[in-house]
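Asks: Chain by chain, the residues:
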Amino acid sequence: MPPRVAAIAGIGYTKYTRSTQASLAGLALEASLNAVEDAGMSIRDIDGLVCYHQNDSVLVRDVSTSLGIKELRWWSDILAGGTFNCAVIAQAAMAIESGLANNVVVYRALKGRSGKRMGRYRASLADGVHQFMTPFGFSTPAEIFGMTCRRHMHEYGTTREQLGRVAVTERLHASLNDRAVMRQALTMEEYLAGRIIADPYTLFDCCQETDGACAVVLTSSERAQSAPHGPVFILGAVHGGGSVPRVPFDGWPDLSISAFPRLATELFERARIAPSDVDVALLYDAFTFEVIQQIEDFGFCEPGEGGPFVEDGNIALTGRLPVNPHGGLLSEAYIHGLNHVIEAVQQLRSEAGSRQVRGAEVALVTGFGFCAGSAMLLGGASAAP
Amino acid sequence: MQLPSRPTPIEDDISRPFWDACRQHELRVQRCEVCHNFQYFPGPICRACASTDLTWSAVSGLGTVYSFVVVHNVVTPGFPPDQPYVVAWIELPEQRGLRLLSNVVDCPLNDVRIDLRVEVAFLDSDDFSVPVFHPAT
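First to last, the protein sequences are chains H and X. Residue numbers for the first sequence follow our numbering, so the first one is 5 and each next one is one higher. Residue numbers for the second sequence follow our numbering, so the first one is 1375 and each next one is one higher.
Hints are supplied without guarantee of correctness; some may be wrong.
[Stated by the list, open to error] With a straight-line cut-off of 20 Å between C-alpha atoms, the simulated SDA-like cross-links for lysine to any residue are: (1) Lys120(H) x Ala29(H); (2) Lys120(H) x Ala84(H); (3) Lys120(H) x Asp1387(X); (4) Lys120(H) x Pro1451(X); (5) Lys120(H) x Asn1447(X); (6) Lys120(H) x Ala26(H); (7) Lys120(H) x Asp66(H); (8) Lys120(H) x Val251(H); (9) Lys120(H) x Ser27(H).
By construction, these hints were calculated from the structure, which means they are not laboratory data. Note that the coordinates shown come from a computational prediction; the quantities given were computed from them, not determined experimentally.
The following block holds chain H by itself, in its conformation from the complex (with noise of 0.2 Å):
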């Protein structure tokens, strides 16, 4: 008998707000029934569960009893960030592989603006790491990785310009898609004229913060080939970090250089594709920066030039690489990068209306983080195994 192959069948999600009335599990169950019925499926073929959260959500054993699964047979709480979008599919894929479970929803659900957010909660934090960097006013997401852009800046002369081509672009997307948050133009010249964050990010390099859910379900390719909207496949997938693969990366060597370059080859070699294969690229993008990177990072220019890279034009959806159709964490909505996974498996089904690319057949999604994170390629129904 050939191996089981796990494959994505459903995908769910809630409205995505800057402040909903519905409680954390409120979206969490509406997301999970949204993807469970996306699936062709009933909550009773349900039995692995899994979730991915900074102590900011609702846990599975609340989600799977207010669901009423009968028989849980795998689940799993991921104490971790936006680095775990991917690693939690691939993670629910192996659950199937290996037999724990034989239809599993994965769901991410927060209240990022109305509730506990990313931005703050760390800064009256002063144990174990944080003691040697709150007293120096040094905790949020935008000051932490600010470094690793002016570094890129100091490297390579990335300018805020480039910057501002991804902001740019990433809203002209969002413009095409009803569930984003942010839809009204961003000029180049707003961009430039944006608050001050932390120098060298202003309002517009930094993403949102949002309430929604998103949920996922995936099964086994065999019975995701009679899923109501067809399967998408994962190709491959990877997750680790570098020699330092905590925040703020304290003795990372060199702050220009991602753990990423080691993580994109381990991908394309297990997927066995290569990275001009790639017919749209789902990137985190907590920060405009991160979108240079990666396109550095995962090979489709060289280092230092994913700047002009973005400058030419190349992350548009008509472009050589388009890049979050969607409007992204940026202006689509902030669900930790899940929101990420539900637009590759939009885009591979031709489902994407306007913001539709041409011909996607292989989507790339990452989960970055510099120092860890994880990363998949996944294939439409021409891909089956």
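On the provided structure of chain H, position chain X as indicated by the hints.
Replies: Then chain X, alone, in the frame of chain H:
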């Protein structure tokens, strides 16, 4: 120099010698007695050779700015919201790649740049001191 109420470091068995030295206005960095590797932030064992034979070694207090951000959107308690400040990774001359996270002070914001030569000073509060860096004289 008197400091407003910044977050107080919650010291532990590993970090206490660092903060104690700061109270004496002395900059010490954790160092391995076996392979002589410096490491910061400190840890329970040497990251280079896994030895537990660690000590705290005084360093010159000189350094250069390796990278920095200028924080305008101030969220850390004890930092005045209308006063932008500089957080920087300061590379020490004692070992290539050895960096401390700190503030650059007494320097116009526009003059802070990568490779700026700096030296340590200490800001005191009631029960702890933090090492900060100003342009070298």
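Asks: So which of those numbered hints doesn't the model satisfy?
Replies: Result: hint 3 breaks, nothing else.
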